[in-house]
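Place chains S and D on chain G using the hints.
Residue numbers (the numbering used here), protein chains in the order written: chain G, 1 to 146; chain S, 1 to 250; chain D, 1 to 573.
No lab work stands behind these hints, which were simulated from the structure alone.
It cannot be assumed that every hint is accurate.
To be verified - Straight line, CA to CA, 30 angstroms or less: simulated DSBU-like cross-link-like pairs of lysine-lysine:
#1 LYS318(D) <-> LYS148(S)
#2 LYS26(S) <-> LYS300(D)
#3 LYS82(S) <-> LYS318(D)
#4 LYS300(D) <-> LYS82(S)
#5 LYS21(S) <-> LYS443(D)
#6 LYS82(S) <-> LYS9(S)
#7 LYS115(G) <-> LYS82(S)
#8 LYS479(D) <-> LYS439(D)
#9 LYS318(D) <-> LYS67(D)
#10 LYS233(S) <-> LYS128(S)
#11 LYS82(S) <-> LYS443(D)
#12 LYS118(S) <-> LYS82(S)
#13 LYS318(D) <-> LYS221(S)
All values derive from a computational prediction rather than experimental measurement.
The chain contents come next:
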Amino acid sequence: MARPSDPQAMTPRKPGSTRTAPPQVPDDFWTQPRMRTYLLFDATGIVYLLVGLVALRVAWALAGGAPVWDALLRSFASPGYVIFHVLALISAIFVGVRFFRLFPKAQPAQIGPVKPPPPAVLHAVLYAAWGGITLVLLAVFGGIWP
Amino acid sequence: MADSGELRKRTFVVTRFDPDKDQVPKTQSYEVPCRPEWKVLDALNYIKDEIDPTLSHRWSCRMAVCGSCGMNVNGTPKLTCKTSLAEYGDTVEVAPLANFPIIRDLVIEMDGFMEKFKAVKPWVIVAKEKAAEEGTYRQSPEQLAAFKQFSMCINCMLCYAACPVVAQEPDFLGPAAIALGHRYNMDSRDEGASERNEIFRGEGTVFSCSYANECSEVCPKHVDPAAAINQSKLLAVIDWATSFVVKREK
Amino acid sequence: MVEVYRHDVVIVGGGGAGLRAAIAAVEADPKISVAMVSKVYPMRSHTVSAEGGAAAYVPGSEDSLEKHLYDTVKGSDFLADQDCAEYFVEQATAELTRLEHWGCPWSRNDDGTVATRPFGGMTVPRTWYAADKVGFHMLHSLFQHSMRFDRIVRYDENFVTKILVDDGVCRGVVAIDIRSGAMRMFLGRAVILATGGAGKCFPFTTNGTIKTGDGMALAYRAGVGLKDMEFLQYHPTGLPGTGILITEASRGEGGYVLNSEGERFLVTRDYGVGQKAELGPRDMISRAEILEMEAGRGLKGPYGEYVLLDLRHLGEAKIMAKLPFVRELARTYIGVDPVYEPIPIRPVVHYMMGGVDTDIRGATPIPGLYAAGETACVSMNGANRLGSNSLTECLVFGARAGVEAVAFAKGSADGNEARLRSEAETEGGRIDALRGRKKGGEKMSVIRHEMQLSMERGCGVYRKQESMNQAVAELAPLKGRYADLVLEDTSKVFNTEVLQALELGNMLDVAETIAIAAAARRESRGAHACRDYPNRNDAEFLHHSMMFFTPAGPRLDKKAVTITRFQPEERKY
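Okay, chain G solo, but in the shape it has when bound:
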């Protein structure tokens, strides 16, 4: 055991009758494979933060009129932005798939009289919705529809 946890982790409000050694985690706590996946999952939050900032930039550009808008679109063609957007897409898929996988488990057995549909149905609905919304957005931004 090498790494410290938060020094107050699992510490009772009332101090006990003897001195304790502070809580620790094993050496591989944060680096073991499942934890690595989980940390990556949580780290995508940074990507979304940046996506949010980019969205602000888009909104600002919309207000700025045609030349500002055109400049924005040109900047999105730069390698940096392309890589960023690909990364954002991969993050979204990674998080989406993991979330969808856990989704059936997160349904209570019953809410009042209502029971959740079986996992297969839930998965089908989630992926259908995701796919459907993606297609609609592509159509809208591609200028195909409406």
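Same frame as chain G, now just chains S and D:
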């Protein structure tokens, strides 16, 4: 049937800590001749009985139902009475449960857990208590199945040792406590879900959970606390929303 | 320096009986304060390992209180005090109902009513169950329910070493705070002992390591008699080696017990269980298994001989629905999947019918001292207990003791605190001298092991006068050697070595009373099967044995059995 054949010598690297003598925990190694069918606990008891009587550890039932013997074995939280030595090689590291203050050797401070446990009000809350003469509640097998799984927790605290949020957020209620609160919320006899949902949205909030799922990975009783926590999130939100619409009695 | 804690009632032990007593006490009086002093956190108490079920009359069923009473009294081989057994069956339903109100997840019938299953020695199915983890669910329901009462103050991991008696009245206990090693005095106007049995006196037992007869030894040394100590229940289906319990419910759901020839010997041969076969009483089935092994029809393994429990014909679905824990235990601890293979089993020590002498109120002869649960001998189980009666017993007599303790406490007064404090300090000195006592020639594990072997040889399922006498002869010098124990751990913080030493001392005292009482009972009755006296002898031995502590050594005495409704008859099934 399990055979008692050849003895195998294994080295156990065990955490030692005596607050009267040690500033910080250290490790001590022991050579133990292990029988093939032994669990980790058998080796620890051998150490205590035959090699070093000063080793302190908790255990009782040795059948994985009392929850006393949780420890980190080679970095993973395990019930030592249930964990076969056959899973390990020549060296086995035994450390106290992660994320808990250490009292002595392999014994951790449990009262932090007991506080969180009590905080979720783990008892049947009803407006009007039923008298024994009135008989039992009717509960269908289906209603029982809605919470049964979450009632199987033996309070071994392995989930707390595995949880990255517990490692970083001292206020987090934690997997077992939330699973227990959820068990009562889902019990058809209980009427206290609103009270518990308020607790679930409060200081130790269930929303601190970010789906690591480590708790369910280590749970020896397949309680699936991750499911309980995430189910609780949905129910806590619904409870919050309906609280604006439906008047609540305190 | 002794820390002092003052409460109205002090309960030693936080298992089924202790928790139920605490709840009953605070419900009896809204102002009362209860100390619950346990050497482990309550959810670790050994109640947790019980599997099969808890018996009570189900209203509206074909059962009746009279039938439950008769089954219990007959099961006890007519040694039960029938007034106590009658009180028990009368209270049973209400107790299990209360537990249900407190959240216990009893298994259900389709119509939502509580389900029952057949159990050994019961003429009608009346065993309420929660899959096959009834003790776990019961204990957790009780513990969680008890948490609503702020007036139940828990002192977890405090080991009681002495009962305080002043002016002939019980005034509290002395305990070690296991964590810091500090000595504490818990003053109360009534004390309830609920510390369980002493299976760890034996090498193969279903019991966990904490079952060391602490409460029995405490009461014994305080002058209370230990009643019926010779009656030890050997559970017929324990795993060889570990002794881990495979519940009677596996037979209740239809399992078969087979010998090495694949024969259902409880059916094909006459072992006194008649039509009940695998659902006969535990003492008879354990004896049948031993006789089969002695006849050469047992199987041999690294931990001795065994027979088989066959659940294959039940099918995976039924096993997973009704006996999932059994499957898990068999796979984890003996490498056998009961869906495909029979489970090796043999009789192992499971329960003590005997214990601290109490009456129907849970009161010992010392005013202010009570006992309940396996620690106590009321006696409602007599010479043999029926499966699923003991969990209900914890509730019924735990509740009674709680109520009676409160009533007594209200009328009682405090003892002389200075005198009690000085006693506690002397006790603290004794513990300090024991802790880390490097001088001494005897190793604890050796003495423990020898004690266990003596008890196994002398007080097994079948006993011979000679072997019982030998056990008595072997235990006395062991106590002498115990005085010469060497202890290595000088630390005060969470010193489990000194606790083990104290537990060993308790076990030696208890083991001695078992062996002497067994050697004195020259008959066979219930679980006490003596080869030299194979028949029941009501003329000379229809009484409870009593063991009293004296400085010169244990003194044997007897106590009459209360017989009300059912005159002793031949015990045939």
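Going down the list of hints, with the structure as the test:
no.	hint	verdict
1	LYS318(D) <-> LYS148(S)	17 angstroms, holds
2	LYS26(S) <-> LYS300(D)	45 angstroms, violated
3	LYS82(S) <-> LYS318(D)	25 angstroms, holds
4	LYS300(D) <-> LYS82(S)	25 angstroms, holds
5	LYS21(S) <-> LYS443(D)	25 angstroms, holds
6	LYS82(S) <-> LYS9(S)	20 angstroms, holds
7	LYS115(G) <-> LYS82(S)	36 angstroms, violated
8	LYS479(D) <-> LYS439(D)	17 angstroms, holds
9	LYS318(D) <-> LYS67(D)	29 angstroms, holds
10	LYS233(S) <-> LYS128(S)	28 angstroms, holds
11	LYS82(S) <-> LYS443(D)	28 angstroms, holds
12	LYS118(S) <-> LYS82(S)	27 angstroms, holds
13	LYS318(D) <-> LYS221(S)	20 angstroms, holds
Hint compliance for this structure: hints 2, 7 are not met, and every other hint is.
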